[in-house]
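Mind docking these for me? Both chains are given alone in their own frames, and the hints should help you get the complex.
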Amino acid sequence: MFGDHILKRVRVYIAWKWLFAALLIISISACGKVNESDEVDLIIALSATPEHIMIDNGNSYVWNNAKITINNSYFYESDMIPRGGTSLNLTEFSKQDGTAFDPKKNRLYSVSIYVPDALDGKPGVFNW
Amino acid sequence: MAHLYKYKLFYMTSLLIFLLFGTLFITNFPIQGYLQANNAPVSFRIGYFGEQKNQLDLRDWMTHSKGVSLFAAADHLFEKTDKLPLHSFFPVFDSSSASSPEVFEQNYAYLPHNLLPSYGRSVYNIDYGNARLFFLDAAKITEGNNAQLDWLQKTVSENKQVHNFVLLNQDPKLPAFWETIRKLGVNLVLIQDNVYIPEAVLTQEASEYRATDYPGWGLWDVYHQFAQPHMLIIEGTDNNITVTVQDQHGNGLDQLKQDVTSIRYADRVNESAYISIQSLWHYHPGSKDIKAAVPKELDITGENPIQKPFTLPADDWRSPQYDDSSWEVGRAPLGHTIDKADQRKIQKKLPINGDSPVYYFRKTFVIDDDPSKLSNLLLHISYEDGFIAYLNGSEIYRDSIREGIVDYRSLALPSEYNFYNIFSLKNHINKLVKGTNTIAVEVHRSHPKAPNLLFDLSLSYEK
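Order-wise, the sequence lines are chains A and B.
So in the working numbering, the last one in the first sequence is 128, and the numbering has no gaps at all.
So in the working numbering, the last one in the second sequence is 463, and the numbering has no gaps at all.
Isolated chain B, as found in the complex (with noise of 0.2 Å):
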């Protein structure tokens, strides 16, 4: 004891550095380079029944679902009984419940009512995780009747959430409706039983997607695709969505998946920008199967300057009408490297294509005003080693490759890493369209064995 009273300071000031030193193994050390505030994603998991070719018992399927605390379905395909429907039911009212509304309050008295005025439990919304379902009455969407959908921009705009979700039992058959909704980031909208996703967000289509008359929003048919029974699987983490068919056993039949971070971000970041940096791509390799045509207004040796629009042929890739569904999809930046600090800026790590040295890009994006009115076009773009960007199918910028035709076996010139450089477009505003508008990049590397290939774009513009 005296000992350790000669010598206190000294245990003191050990016991203190063992303390500090024993701090660290209840640390998370920062290994990206920063450290996240909240580690554990959102999710959730919610079930929905659409209209089907047999008749289903929705309360014995709710009952025996495993993992979904949360489901929907039109009114008149849940059967009234004797006992009250399930609290974790949620209805879309549809026309039996418009023959008969008191009932429908009564029987689901444990939804919210009058969200909006003179609406009652008709029209509702819910939070759930970190998506807000918004159940609406489809048949008072009419022209001249905004009161839904102004109902709809006021409640989104407030308190946003991640994920927003539009129920109706039937289609409004209002472009101005499906325009609305788009613009307010709504990323699914379930009708009987097919579904909607807004094509910027889609990243996995399902065996029948297809895309509809409404500019930006594409199809899954599940009511022709299945004659089984089955249940929709609608799983939320932090920005993904999985929609997901299953069975009566909880096989899954087909899916699809959407990313929503490109919507979110565009909205806060950049809100002058028809795409932002870190979209998501189509991607192609390059290939003799990938087809480009010879436009007859490109001197193809690059000595005269291009002198009309080109007109492009509808398999061509750069063309608007290309069909890339079965392109892959990636988030950006794109590329490859065996650089370790250059491997940390690419989200979507691209296989190196010893068959030729070019990746093909697509995306489509909408505009919804009259583009001539803009008083710049700016091209935002990080890329190694060069590249050609076509607008709308005619070409608009090109760096560090030659002049004239390239082809899929065409070599850059060698360049350094280009990080966000810009380039003014102003002279290709006309290249634009209000509605759908297509940017096509190819990017070339300048050898075949060069391991870097980098892609980013953003595309901004000035009124």
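One chain only, chain A, in its complex shape (with noise of 0.2 Å):
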């Protein structure tokens, strides 16, 4: 009788355990964006003083026709980003308005790069 009492509650100890390891394997998969198989990602070095932005392109391709995008509203594109490190100066980025980034008034919080053709005719997209 004893016994039996002990063997019920190892057993929902046992039952608890897996319960908790099987949410805990769904939650670490729910965590990562899924990888959508029609676009590729851009390895990137990012760097910045208050004047510039230092974007370093690791990929084995040349990016062409990219497009920066800083703190969701100033725009920069470029025919060729080439391979290696690349100094952008930050006034160079402007609104759709024509407004240019000002460097005195505004900080770099935060960076996308979009590239429409990457590599297999994929697009290559970057964000931070």
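Take these hints with a grain of salt, some might be off.
[To be verified] Facing chain A, according to a computed beta carbon distance under 8 Å, are these residues of chain B, among others:
id, residue
1, 300
2, 301
3, 302
4, 355
5, 357
6, 402
7, 404
8, 405
9, 406
10, 407
11, 409
12, 410
13, 411
14, 448
What the hints contain is simulated information worked out from the structure, not anything from laboratory work.
Note that the structure is a prediction, hence the values are computed from the model and not measured.
Backbone N, C-alpha and C define an ideal beta-carbon position, used for all residues, glycine too.
Right, here's the structure in full:
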């Protein structure tokens, strides 16, 4: 009688343990973004000064027709971003209405890069 | 007195120390790290009259010109009056002189005679400051008659002067003549109202400056530029020459400048160099306005080597046809640094370019012989941080910078100052041509805020 009670408690303990493990596994997989097969990740190293942003293209190819967006509202387009390091003046970024980024008034807090034809016809993206 | 006698040794020693200390106040400290043997620069000022649209009264002009004590012009421009020509006037033998050579000899009896046998006073030279002026008879410079050229060559070689000027009344129109005087280091030719300058020494162009059909020579067409009466003032200080057009009131109307250091030292120090160190370079900061095409022969990823020489359009800054006349000129080493010790290595300080981490440099040089006979070609280059060099529009070497396409925004790999690294360009000898060649170099910093950029280059060869 006493042994049945202990056995039952052990089984409950094991069941809770497996449930917890399952929840853990599910939550880990839920944190990751689903890898969309129609985009490639750009390999980038970013750094900045108050007046510049330095982008290191670590891919094995040149980014053609790259569109770089900072702070979700200032844009810069380039026919070509070569491999390796490229330095861009933040004042060359502008809003759609033509307002240029002013390093004295604004600070860089987000960067996104979109390359429409990065590799094998797929677009390349990067977000920070 | 007894006191003085008692301590005479002390007072004598003190006096000696005082005297030695006092000499410090009459000695120039070697602030640059070495003593300069001669602090006073050698200078001169010459007035020259070319053909004008209006008749000039040279005698009156020369009499009232201040600061100029030597004048030259074609003989027919000087009005012969009862008064003898001024002894400060040196004529160029011309057709009017040839019609009556005896009168020429009589009018200018003070000129050197028969420096070139059988030429009398029609061909002569004078030294003034550190310049030597050669007055030639252009009508007798013909194919087959090299007497004046041989004499010129002999005179230039013996007892060398810093500056060598040639004055003639007309262009002999012999390419061999122009090639010979360029090789001799002649740095100024005056023909009527035209000023011919070797492109290698030009540091500031005049408004009407243009290239000529004679390789390595440019022309300032003063006659067509100015309608009003004018005089050329040729001023020299050490290695520098300034040619200024002045009106009768002494106002400067236009000028050009040259520096002969590169041809002077190339001749003495490094006779096997097409380009010596500390040469003059055209330079420009990197900019999206400076065009750089993407050659089809180039693999922009850099994964594959360059298989064929580039074919660049004329408006590409690396092209031999590119017009860099609007670029600044400076003497190498060029660059900028915050290190005070390294600042002393820089001859031309470049402004820090906040818009681009790149500076572009260009230079032309002339090869007289067949370059295919060279056994080796060597690039000696000082740089920080990275560079790419092009010869006649084709890439020949790069270091400390990523392979593949680069542009005016590209960053180099971080690198310490590279002091005259030597790279063999043996495989690129076929890119040289007989005649004018162009070398173009882009130097990149590794960071837009990097304080150091440095460049100097020498191109030497072995036969």
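Structure-based check of all given hints:
no. : hint : in the structure
1   : 300  : 5 Å, holds
2   : 301  : 6 Å, holds
3   : 302  : 7 Å, holds
4   : 355  : 6 Å, holds
5   : 357  : 5 Å, holds
6   : 402  : 3 Å, holds
7   : 404  : 5 Å, holds
8   : 405  : 5 Å, holds
9   : 406  : 6 Å, holds
10  : 407  : 6 Å, holds
11  : 409  : 5 Å, holds
12  : 410  : 6 Å, holds
13  : 411  : 3 Å, holds
14  : 448  : 4 Å, holds
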